[in-house]
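S.K.: Following the hints, complete the assembly by docking chain X onto the known chain B.
Protein chains: 2
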Amino acid sequence: MLTSNYTGSTKPSLYNDAVMLNDLSRDELISRERALLERFAIHKEAGLALDLTRGKPSPEQLSLSDELDAMVGGEFRASDGTDLRNYGGLTGMSEARELGAELLGIGAEDVIAGGNSSLTLMYQYLLHAWLHGPLDTKTAWRLEPGPTKFLCVVPGYDRHFTIVENLGFELLNVRLTDSGPDMDQIEDLVSSDPSIKGIWCVPKYSNPTGHVYADNTVKRLAHIPKIAGPNFRIMWDNAYAVHDFDDNPPVLANIFSHCETAGTKDSVIQFASTSKVTRAGAGISFLAASQANRDSFIKTLGIQTIGPDKLNQLRHVRFLKNIDGIRVLMRGHAAIVKPKFDLVVQHLTDGLTSDSIGSWTTPRGGYFLSFEAPKGLATEIVRLSAEAGVKLTPAGATFPHGQDPNNSNIRIAPTYPSLDEIDQAMPVFVTAVSLAAVRKLLQSSEKHA
Amino acid sequence: MLTSNYTGSTKPSLYNDAVMLNDLSRDELISRERALLERFAIHKEAGLALDLTRGKPSPEQLSLSDELDAMVGGEFRASDGTDLRNYGGLTGMSEARELGAELLGIGAEDVIAGGNSSLTLMYQYLLHAWLHGPLDTKTAWRLEPGPTKFLCVVPGYDRHFTIVENLGFELLNVRLTDSGPDMDQIEDLVSSDPSIKGIWCVPKYSNPTGHVYADNTVKRLAHIPKIAGPNFRIMWDNAYAVHDFDDNPPVLANIFSHCETAGTKDSVIQFASTSKVTRAGAGISFLAASQANRDSFIKTLGIQTIGPDKLNQLRHVRFLKNIDGIRVLMRGHAAIVKPKFDLVVQHLTDGLTSDSIGSWTTPRGGYFLSFEAPKGLATEIVRLSAEAGVKLTPAGATFPHGQDPNNSNIRIAPTYPSLDEIDQAMPVFVTAVSLAAVRKLLQSSEKHA
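Protein chains in written order, with the working numbering: chain B, 18 to 466; chain X, 18 to 466.
Keep in mind the hints are simulated off the structure, nothing from the lab.
It cannot be assumed that every hint is accurate.
Unchecked claim - To spell it out: a stretch of chain X is covered by chain B in this simulated footprint if at least three of its residues, at any positions, have a beta carbon under 8 Å from a beta carbon of chain B; those stretches are: (1) 104 to 115; (2) 326 to 340.
As the list claims (entries may be wrong) - Okay, the calculated bits of chain B under chain X, using three or more residues with CB under 8 Å as the criterion: (3) 102 to 114; (4) 125 to 136; (5) 295 to 302; (6) 316 to 322.
Virtual Cβ for every residue (Gly too), placed ideally from N, Cα, C.
Isolated chain B (complex conformation) (with noise of 0.2 Å):
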């Protein structure tokens, strides 16, 4: 691994005489400004292509689950009988139904196993609620008379997003607080509009951020289609439900029992998947829901296939076995996404902190970390660093349409890059985020001058 010029003892003036940007004076800025330009500069020669925006798991994690395909193996039969390489079985197998039950923490009764993407199960639900009504056709989305609108944690996930506007609805930002969605906000915002149909939540290493939901938050979620209705779907992506970096992870709780006791079970369709446990491309997914919602769900879902790969269904079963399959297997992955993160937050703390420029989530597990740049400049850091052949995630691209209204959030993707490539990209980044600080204090001193 290449150290950078400003960790260890060898960090550069640059750094370590860094006092609070915001205490120089125009003389001593525009001197830095200088000096970072001469680093920007050396970083450009250096001729780097170098990807941060890959949410997808790098080769060494997927060869974690190369047995996968050696668990068929001629025995095409689940525990049932059932052969597995015919048509049929529409909610999937019963043992991988099951498996998702574990990882969701939830009965195995509730959940439906499908195909290699559990974005496709949220889209056909949603296709469903907004074409069929979620229970019954009278309800169907498409049918209310005005604009339908979709509550949105920002910052969040973009294809959420894009499904729900892609369905023609009006997407409302919701702000993400350290405990989650601002509740108090949602709450005023579904009293006063019942046009509001659902919410997109990712409870657990919230996309980009990190954050886990706390217990309170999730309590008060499961009390929302109280007061938004019956129509009302939260959409709960628990997509990274086992993605700790920790042995003492924090603790997600359980929507589906706070929704019981609050009489809401209706309300809220999980889902989750293998795609960042075993294969991005070729894992298994979940849907879970109340047996009323999957009755209404399932009609849809037989109109449009026969049946998930169950034989995919029997790879994972065979190979996870259980929980506690998975577990050991997340411990894999751990060590190798855990030092990334590390090293990404490292690089930021040290060249970042003294100057007090921006701030940054340091997530306890998941794919993403998010990086909050002084109001305005998220667009100009991102151009800059990919003048120096660092591409990072598009600014705006975690909140609707791309529209950050603070230009600041930065999507940061440690997962995929090597140990090597984060050490060379990072400077990169801190350079144009500095850079870019130090710019902004200029104008705005030139302004008052």
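M.R.: Coordinates of chain X only, in the frame set by chain B:
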């Protein structure tokens, strides 16, 4: 194999002595009914539980492809170096697209390789055209002022009909002739009704009759969009493209070529899969369309998934290799399936020809054959067969809304049951047909008495 009572040298008098049923006197009919009831009672006593409904491969057929599971073997890369375990590749692995192209006899650039269900691709395509327009959001089918209609060649495949019914289309029956759909009827319909948006076709070994569309039918179909307009789509489900029984099989005309000549290539969407080549529940699927259609469709597809299971595509590419590999495999299927079709036809011929009751098809490939009962008798024949332990596809199932206007078509699916089972089931069917026919003549003679 059991020897049927009425085949070979031991034909019972019941069939041996039969004359054209219509020529029998009332007394002779009563005597015939009595003999048939005795036979029917024997069938019932046998306590059979047989099933001729399942259009799926037998375990022996599935075993032909069991080597698939060994095909990945730690080598996960496509020829272009792509790690197929990871995300991406919305249109599928390029070698899989080439395989689909060989299967359909077209260029690989026109092919998208998908997941385990071509039915899903069909649904996704029709949803796309309905929701967002085939090529242009302004022409979305759902925005049409009045009801939209879809042509259904009958008898046909119930799952096709259900998709368009589910999207709110009115379904119009089009007669199937020995050369394919009745083109005069189609030309008349689309000339006078611009609300007709498309047609379902299974052009080779049509489900359930086994007909292959004649060259001139394909040519005339390619001209239909010139009458129906650019917003019309031919859904060309070539599900049985390579499912031949003979070494010199019928050749289906290439609809893309005819459409290119007619200037209508944007109006046809082709589908195929390996569901009945390798594995019914775990094959790969293909959609083929012009670039304009693909460009438009991919935008919607990309909202629903990050891409298909490329490892299963890899398995298929390595196992099947190319069209020659597919043809070798399909000869293996034919060796299993053709004797079953032959046995069904033998029973029908031996049991019903001399009485001149009903008619049936003798397909040269595919998965089904079709029995045409005397008008009004299909429901009764299905009921009688079930009473004696032989389950048949419900009468009407091959028509939109399950409504066969003649109540005469019965789909027979010979692939899944064993030869023994067919040999036990067909005498029951033949007896049920004869009994229903005799009773109908008796009722008719009562009226005239």
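S.K.: Each of the hints needs a verdict: does it hold here or not?
M.R.: Tested hints:
1. Counting residues of the segment 104 to 115 of chain X whose C-beta lies closer than 8 Å to any C-beta of chain B gives 3; at least three are required, and the coverage claim holds.
2. Counting residues of the segment 326 to 340 of chain X whose beta carbon lies closer than 8 Å to any beta carbon of chain B gives 4, which reaches the threshold of three, so the coverage claim holds.
3. Remark: the segment 102 to 114 of chain B is confirmed as covered by chain X, as 5 of its residues place a Cβ nearer than 8 Å to a Cβ of that chain, reaching the required three.
4. For the segment 125 to 136 of chain B, the proposed coverage by chain X is satisfied: 4 residues have a C-beta within less than 8 Å of a C-beta in that chain, meeting the threshold of three.
5. For the segment 295 to 302 of chain B, the stated coverage by chain X holds: 4 residues have a C-beta nearer than 8 Å to a C-beta of that chain, and at least 3 were required.
6. For the segment 316 to 322 of chain B, the stated coverage by chain X holds: 4 residues have a C-beta nearer than 8 Å to a C-beta of that chain, and at least 3 were required.
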